[in-house]
Amino acid sequence: MSDFPTKASCVVIGAGIVGNCVVGHLSDMGWKEIVLLDKGPLPNPGGSTGHASNFIFPADHSKEIVDLTLESQKQYEELGLQTTCGGIEVARTEERMEEFKRRMTSATCWGIPSELLTPAEVKERVPFVSEDVILGGFYTPSVSAVDSLETGTQMRKRAQDAGNLQVFANTEVTDIETAPGPKKPTIRAVVTDKGRIECDSVVIACGVWSPRLAEMAGATIPLTPAVHQMADVGPFDVLVETQQELAYPIVRDMDTFCYERQSAGSMEVGSYAHRPILHRVDDIPSNEEAALSPTEMPFTADDFDQQMEEAIELMEFLGDGEIKYAINGLLSLTPDANPVIGPTVEVENLWSAAAVWVKEGPGVGLLVAEWMTHGYPHLTDPHGADITRFYPQQRNVTHIEARAEEHFNKTYGIVHPREQWASRRDITTGPVKARTDALAAFYFEAGGWERPHWYESNLDLVATYEISERQHEWDARWWTPISDAEHLHLRDNVGIVDLSAFQIFEVSGSGVLDYIEHMVVNKCDVKVGGSIYTPVLNSSGGFRSDLTILRLDDDRFRVITGAFDGGRDEYWFRHNLPEDASVQFENRTNAVCTLGVWGPNAIPLLSELTESDLTQDAFPYGTCQKILIAGIPTEMFRVSYVGDAGFEIYTPMQHGLALWDAISDAGENFNLRPVGAAVYGTSGRIEKGYRLMGAELENEYTPVEAGLARPKVKAANFIGKDAYLAAREEDPCAQLCVLTVEDHTCADGYPRFPMGAGNEPVLSASGDRIVDAKGRVSRVTTAGNAPSVGKYLLMAYLPIDLCEVGTELKVMYQNETYPVTVAATGTNLALFDPDNARMKA
Amino acid sequence: MRILVCVKRVPAPGSRINVRSDELNVDTAHLGFTTSPHEECALEEAAQIIEEHGGTVTVLTAGPTEAEEQLRYAASVGGTEFVLIPNDSGHDWDPEHTADAIIQAISGLEAAGGEFDLIMFGNESADAGGYQVGVRVAVALDRPVVNGIKGIDIAEAGFTVRREVDAGYEVYQFPGPAVLGIREGINLPRYPTMKGRLASKKAEITIIASEANPGRQTKVRLHQPEERITETKILGDSADAAGPIVDLLDELGVL
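Same order as they appear, the protein sequences are chains A and B.
Residue 379 in our numbering sits at position 379 of the first sequence, with consecutive numbering throughout.
Residue 944 in our numbering sits at position 103 of the second sequence, with consecutive numbering throughout.
Excised from the complex, chain B in its bound form (with noise of 0.2 Å):
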C-alpha cells in the first residue's frame, strides 16, 4: 500500500485568538504550532493501515521551511517518507495555489514512485477551514474523493469507506486510487515516543519547489468578534456545593 497524507502546519491557539494589526493574520506570538487535528488522525490511519497491510506513507507539507517541524512530527509517529513544498512567501497561499503545487508534487512523485492508492487529506485544516484543496486535487487526478471519512475498511476489491452524517453512517465503496478527506475521531491519534522523537531528526525531507500559479482567491480581512466575557460563579465547595447545584439545574430546566 502506497499511501500520501497531506498535513498543515497551524497555530496551536488558547481560547482567545488575537488577530494581528494588519488584520490578515494571526498573532502567532504566544503560540506553538500543531498539525490540523484532521490530519493528524489522517496519519494516524494511515500508519495503522500500513502496520496491517504494508507499505510506505508519504508526509506531504506546503508550507513555511517550518513546517519540517510537522514532517518530523509525522516522522515520530509512522510517516516514512517526506516532502516539504517551500512556501516563504510569508503568507498562506490560496487553496487554488496549495491545490496546484500539491497536484505538481504529486505527479513528480508518482512518476519516480508510483502510483499513491490512496491520497488522504483532513476533512478541512484547522485555521484556514476551506474545505477544498483535496477535491480540487481528486478531479485534477480524476480520482474518486470522499469527504468525512470516520472509517476505512480495506478489501481486494477496493475501499469501504464510512461517512458520519446526523443519523449514523453513510457507507461508500470504491477501488483504488481515491482521494479521503479524513475527520477527527476516526481514531486516537499515537503521541510519539521518545525514541520516534530521536529517530525523526534523522528523516530526509524531499523539498520540492512549487511552480504553481497563484489562485484567484485574495484574503481581505480577518474579523475579530467583540470577546464574550463569561462569569464564573462559585456553587460551593464539596458537599456543600450540591444544593446550589441542585437549583441551578432546576432553573436550567435540565431536571
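Chain A on its own, in the form it takes in the complex (with noise of 0.2 Å):
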C-alpha cells in the first residue's frame, strides 16, 4: 500500500476506546504524525469496547478512579454521546445497606449528588423491581450510558481532521521492535503486515491482547482476558413502549454482582457472579475465526442459570423475555484490578493503556497523552494505575490469574480498605519469617512482601494497657486491640519491627551527586553518614514520592523507600540516570535486611550488644554509622517514623535471622516485644504527624502544602524546582493539618472509627463539602488511634481559612458526621513528643 507510512512520532495500536482517546489527545497536545493501528475493522475492531454495556456509575471510593471517570463523563458529554439516566444500586442485605452509607460518604466527598431509597422509592423510580426482595437502593441520578463506539469514531476524527493522524484499519501488528538505549531497550519500529513503521514511541491499549503486544518488545502487560456474560432479553412493552434508549435507571442488583440495563426494547443482564472464566491471549480467536467478535466468545449458558435466576427475583417480566443475544464477553483484569497504565518498565518510550473500563476510557486517555506530553499527568495521580507499581514477582501470568481469580466476584463485592489478599501469599518473605511466624505474626501484604502487622503473641497487653474492642465489626475487621497495646509497649519499653520489605536502591559514581541533587528536592551534599529526608518531585511540583537518602560514601548514596512505592520509584530513578554511565544504580532490596529497634530502651539494649557508643553525642540523630551487633556487620541509622528512640539497623539479608535472634536475646532484660506495621506505619506515625505517599503525599499537593518546604531552597537543580519555587512564593490555598475526633458516638450510641482510605469527607461545622480554592476537596487522608495521645487522629488538607488551631469541624463516617477538632499544621505536625525530645533521647 502506498500510501501507508514508514516513519512516525508516536504509533498507538487498538482502537478502542482508549487508542481512539490517546490519539484524539495527544493531537489536541499538538502531536503530529500519529498512527493509529488496529488489526479488526472500524468503528467496531473487535475488542472489549465494541461488546461493553457502555453504562457509568460515576461514584467510587478511589479517588483516582473517580476523577478519571468524571472526567470522562464530562468528554463524553462534550461530544453528545452521553445519556444521563440515572443509576439505583440495590441491596438485598444488610451489609450491603452498610455498604451504602460508605457510598453516600464517598459520593458527598467527590461531589456527586446520590441518596439512599427505601425500596418503595427504588419501586417508584423503576415499576417492575420487586420491591420485597430488596432492603433499599443507593441513586446518583448522575449515572449515565455513552456511545463508546462513536465516541471514539470522533476522537479519531479530530486528529485526522487536525492533520495529525493516519488510521489503519485491518492491519496487524506482527513485530515491535527495539534499540540497544542507553539504560535499556527503546522503541525503533512497529512492524505490521501492511509495513513497517519507525517511530519514537509506542502505545499498546489492546485490552486483552496487550500482554501479547508487550512481549513483542520484550515487555510485560499484567493482566488477563477474562470472561464477563451478559445477555440481551427481550422485547417487553414497557421498556418498548418508552420508544426510549434509556427510560429507567440503571439498576445494579449489587448482592447478586448483576445489572439490568434497558437497550431500548430489551434489557441487558450482567453479571459478576459467575465463576472466574479466565483465558490466555492465544485462547482468543481471530476476527475471521470468531462467530461474533473475538472477544464476544460462545455463551457457557451453565454459567449464568443461577444469575438468571435472580434477575428474575428482581425483575419478574424478564423470565417471559427471549434471550436474543448472550455472550461470554471478554474484558481485561489485573493482579489488583487497577488499570495498567504509563510508561513500561522495560522498554523506553513504551506506554500501556491497559485494563480501562468504557467508563474512564477518555480520562485516561487525557491522562496518558499529559503523561506523554508533560512527563507526569495533571488530571490525577495515577499511583493506583501506574504500570511500574507491579515487581516482577507480580508480572506473571501464575500470579495474575490467581489474583484474578480472586478479586473478579469482588466487582460488585463489598471490600474493606484494609481487606489482604488470599491468594499468592509467603512469594516473598524476609530473613526472619521463622521467628515472626512463631511470634504469631499477623501478615499483611506490602508490596507482595508478608510484613508482620501485630503479633498475636502480645495479647497479653491488651489487658496490661486496657485497651477496648471495636463494637462495630466493620471497624474491627482486619484490626486488633493489640496493635494499640504494641504502641504502648513500645513507648513504654522497647519493641522491634520487621522492616524487611523496606525498598533499598544504591546509586553510585563519579556523577552521583550531580544525579541525586537533580532527582529530589532537598540538599543531598551532606557530609558522608548524613541522611536526606526528601519530597521527591514531577515537573509540575506535585509529589511523585517522599523518601530517606544515606551518604554512604563520597560517591555512593542509599535511597529507602516504602514496599508499596518500590516499583515506581526504581523506575523513576532509572529513568532519570544519565546516559554517560557516570551513575550506576542497584537495587539492594534482596540483599539487605533492615530491623527497626525503637523505644526508651532501644539504646541500653543495642548498647549491650555493641562496643560502640550510640548515645545522641556520639551518634546523632539523623546519621548512620558501620557498627558490629552482637559481631555482626550493620549499617545503623538513628531515625524515627515512630517517634523513639532507635535506629533502623541495616544487615546482609544473610545476617538477618542472627541479628534479630541476637536483639531478642538480649531484649529479654529490657522488656522488647515485637512490634507490627499497625504501629509502625498508622499510630507511632501519625502522632508524629509524619505523611505517607499514597494518602497525605501525592500529585496533587506541593510541599509546600504538605508543610514539608525547608526554609531554604538548594542551588542545585532539581525535577520541579520551578514549580516549587513558584508554589513556595504563593500564598498556599491549603495546608496540611491534624484533627483530633472530639465525640466518637454514632447514631446507635456506641464508637466508630473513621479508616481513613481517602474517601472520608471533612465537612464544615454546619455539615457542608469542603473545597479549596483549586477545587480540591477536604477528605481524610490517614486515620488512626494515637494511644499515647488518648486520641483519634485524622490527616487531612484544609483551606487555609480553616488551618487555625481550635477549628471545629465535622467527619463524614458511614454516612453520619462525627465533631473534629484541627490539632495541628504547618510543618511540625506532632501531637506527641512535638520537640522530638524522645527521638533524640
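Simulated from the structure, these hints should not be mistaken for lab results.
Where hints are given, some of them may not hold.
If we take Cβ atoms under 7 Å as the criterion, some of the chain B residues that face chain A in the derived model are [as the list claims (entries may be wrong)]:
#, residue
1, T869
2, P1030
3, T1034
4, K1036
Pairwise CB distance ranges, derived in the manner of DEER restraints [unchecked claim]:
#, chain 1, residue 1, chain 2, residue 2, range
5, B, E1067, A, T93, 56 to 62 Å
6, B, N866, A, K101, 56 to 62 Å
7, A, A438, B, E1045, 57 to 63 Å
8, B, H1064, A, S130, 54 to 60 Å
Idealized CB from N, CA, C, for every residue including glycine.
These two chains come separately, so use the hints to put the complex back together.
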C-alpha cells in the first residue's frame, strides 16, 4: 500500500475507546505524525469496547478512579454522546445497606449527588422492580450510558481533521522492534502486515491482547483476559412503550453481582457472579475465526443460570423475555483490579494504556496524553494505575491469574479498605519469618512482601494497657486492640519491627552527586554518614514520592523507600539516570535486611550488643554509622518514624536472622516485644504527624501545602524546581492538618472509627463539603488511634482559612458526621513529643 | 400429533474455519456449538404444530454427551421429550451408522409410545451436509419423504407440504406417517426465554444406547482451500462517500 507511512512520532495500537481517546488528546496537545493501528475493522474492531454495556456509575471509593470517571463523563457529554438516565444500586442484605452508607460517604466526598432510597422509592423510579426482595437502594442521578464506539470515531476524526493522525484498520502488528538504549532498550519501529513504521514511541491500548503486544517488545503488561457474561433479553412492552434507549435508571443488583440496563425494548442483564473464567491471550480467536467478534466468546449458559433466576426475582417480567444475544464477553483483569497505565518498566518509550473500562476511557486517554507530553499527568495522581507498581513476581501469569480469580467476584463485592489477599501469599518473605511466625505474627501484604501487622503473642498486653475492642465489626475487621497495646509497650519499653519489606536502592559513581541532587528537593551534599529526608517531585511540582537518602560514601548514596512505592520509585530513578554511565543504579532490596528497634530502652538494649557508643552525642539523630552488633556487620541509622529513640539497622540478608536473634535474646532484660506495622505505619506515625506517600503526599499537592518545604532552597537544579519555587512564592490555598475526633458516638450510641481510606470528607461545622480555591476537596488521608495522645487522629488538607488550631469541623464516616477539631498544622504536625526530645534521647 | 425432530450438534464457526492437524476434523477450540439451522426451523415448526393441534415433540440427537446442551436448548424452545443416542467415540458416525442408530431408536420409541405422525430432519446438517440420513430413515421405515420443505399444512387427510424450487413452489400431499426434510426459512425460530432456559434444566433426557453397525463411508481428509484475502477500501465518511459510491456502482455496471 503506497500511502502506508514509514515513519511516525507515535504509533498507538488498538482502536478501542482508549486508543482512540489517546490519539485525540495527543493531537490536541500538539503531537504530529501519529498513527493508529488496529487488526480489526472500524468502527468496531472486535475488542472489549464493542460489546461493553457502556454505562457509568461515577461513585467509587477511589479518588483516582472517580477523577478518571468524572473526566470521562465530561468528555462524553461534550461530544453529545452521553445519556444521563440515573442509576440505582439495590441491596438485598444488611451488609449491603451498610456498604451504601459508605457509598454515600464517598459520593459526598467527590461531590456526586446521591441518595439512599427505600424499597418503595426504588419502585417509584423503576416500577418493575420487586420491592419485596430488596432492602433499599443507592441512587445516583448522574449515572449515564454512553456511545463508546462513536466517541472513539469522533476522537479519531478530531485528530485526523487536524492533520495529525493516520488510521489503519485491518492492520496486524507482527512485531515491535527495539534498539539498544543507554539504559534499556528503546522503541524503534512497529512492524505490520502492511509495512514497517519507524517511530519514537508506541502506546499499547489493545485491551485483552495487550500482553501479547508488550511481549513483542520484550515488556510485560500484567493482565489476563476474563469473561463477563451478559445477555440481551426482550422485547418487553414496558420498555418498548417508552420509545427510548434508556427511560429507566440502570439497576445494579449488588448482592447478586448483576446489572439490568434497558437497551431500547430489551434489557441487558450482565453478571460478575459466575465463576471466574480466565483465558490466555492465545485462546482468543481472530476476527475471522470468531462467530461474533473475538471478544464475544460462546456463551456458557450453565454459568449464567443462577444469575437468571436472581434477575427474575428482582424483575419478574424478565423471565418471559427471549434471550436474543448472550455472550461470554472478554474484559481485562489485572492482579489488583486497577488499570495498567504509563511507561513500561522494560522498554523506553513504550506505553501501556490497558485494563480500562469504558467509564474511564476518555479520562485515561487524556491522562496518558498528558503523561507522554509533560512527563507526568495533571488530571489525577495515577498512583494506583501506574504499571510500574508491579514487582517482577507480580508480572507473571501465575500471579495474574491467581489474583484475578480472587478478585473477579469482588467486582460488585464489599471490599474492606484493609482487606488482604488470600492467594499467592508467602511468595516474598524476609529472613526472620520463621521467628515472626513463631510469635504468631498476623501478616499484611506490603508490595508483595509478608510484613507482620501485629503479633498475637502480644495479646497479654491488651489487658495490661486496658485497650478496648471495637464494637462494630467493620471497624474491627483486619484490626486488633493488640496494635495499640504494642504501641504503648514500645513507648514504655522497646519494640523490634521487621522492616524487611523496605525497598533499598544504591546509586554510585562519579556523577552521583549531581544525579541525586537532580532527583530530589532537599540538599544531598551532606557529610558521609548524613541523611536526607526529601520530597521527590514531578515536573509540575506535585509529589512523586518521598523518601530517605543516606550518604554512604562520597560517591555512594542509599535510597530507602516504602514497600508500596518501590516499583514506581525504581522506574523513576532508573529513568532519570544520566546517559553517560557516570551513575550506577543497584536495587539492593533483596540483599539487605532492615530491622527497627525503638523505645526508651532501645539504646541501652543495643548498647549491650556493641562496643560502639550509641548515645545521641556520639551518634546523633539523622546519621548513619557502620556498627558491629553481636559481631554482625550492620549499618545503623538513627532515625524514627514512630517517635522514639532508636535505629533502623541494615544488615546483609544472610545475617538478618542472627541479628534478630541477638537483639531478641538481649531484649529479654529490656522488656522487648515485637511490634507490627500497624504501629510503625499508622499509630506511631500519626502521633508524630509524619506524612505518607499515596495518602497525604500526592501529585495534586506541593511540599509547601504538605508542610514539607524547608526554609531554604538548594542552589542545585532538580526536577520540579521551577514549580516548587513558584509554589513557595504563592500563599498556599490549603495546608495539611491533623484533627482530633471529639466524639465517636454514632446514631446507634456506640463509638465508630473512620478508616482513613481517602474517601471520608471533612465537612464544615454546618456539614457542608469543603473545597479549596483549587477545587480540591478536604478528606481524611490517614486515620488512626494515637494511644499515647489519648485521641483518635485524622490527617487532611484544609483550605487555609480553616487551618487554625481549634477550628471545629466534622468528618463523615458511614454517612454520619462526627465532630473534629484542628489540632496541628504547618510543618510540625506532631501531637506526641512535638520537640522530638524522645527521638534524640 | 406426535412428532419426532432429529437434530445435530454442530460447531458455530466464524468466517474462517480451521482444520485440525489430523485433517479429519474442524478445530473447535474457539467455537461454540449450536443446532443445525435447518433443524432449529424443524423444531420451531413442530412446536408451532403442537401449539395449534396439540401433541408432543420428541427431540432426538445422536452425538457426544455434550449434545445434551442442544437437547436442553430444544426444551427451552418447545420440545417436550428428549432422547440422546450417545456417541462418545470422538468422531462423527457416517450417515449409514447414524441412520441405523436413529431407526433402532425410533422402533423402540414407537413401540413404547405409538407411531410418530411426522419425523422431521433438517434438510442437511450444517457441518457434514450429507443430505441422506432422513432419506435412509424414511426408506427403512417405508414412509414417504420429501426434502426441501418450506411449508406444512395439516388437514384431516394428511399433510400438504411446499418445496421451494427456482421458479416457485412444488406442492405435495400425502397421508401420515411421513418423513420431512425441513429448510431454513420455513419460519423464524423463537429464542429461548429466561424461564424456558431455567425450566429446560429440569428436562428429562432418555438415553438410548446404539447397537447400530458402523457404516461403509470413511472420511479420508478435509481440505482447507487457500485463504482468499479481501481488501476493504473505505470510500468516504458520511455524505462525502456518496460520490465515490456512485462511481463504484457505475464501474461495476450496477447503475
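In rising order, the numbers of the hints this structure does not comply with:
1 and 2
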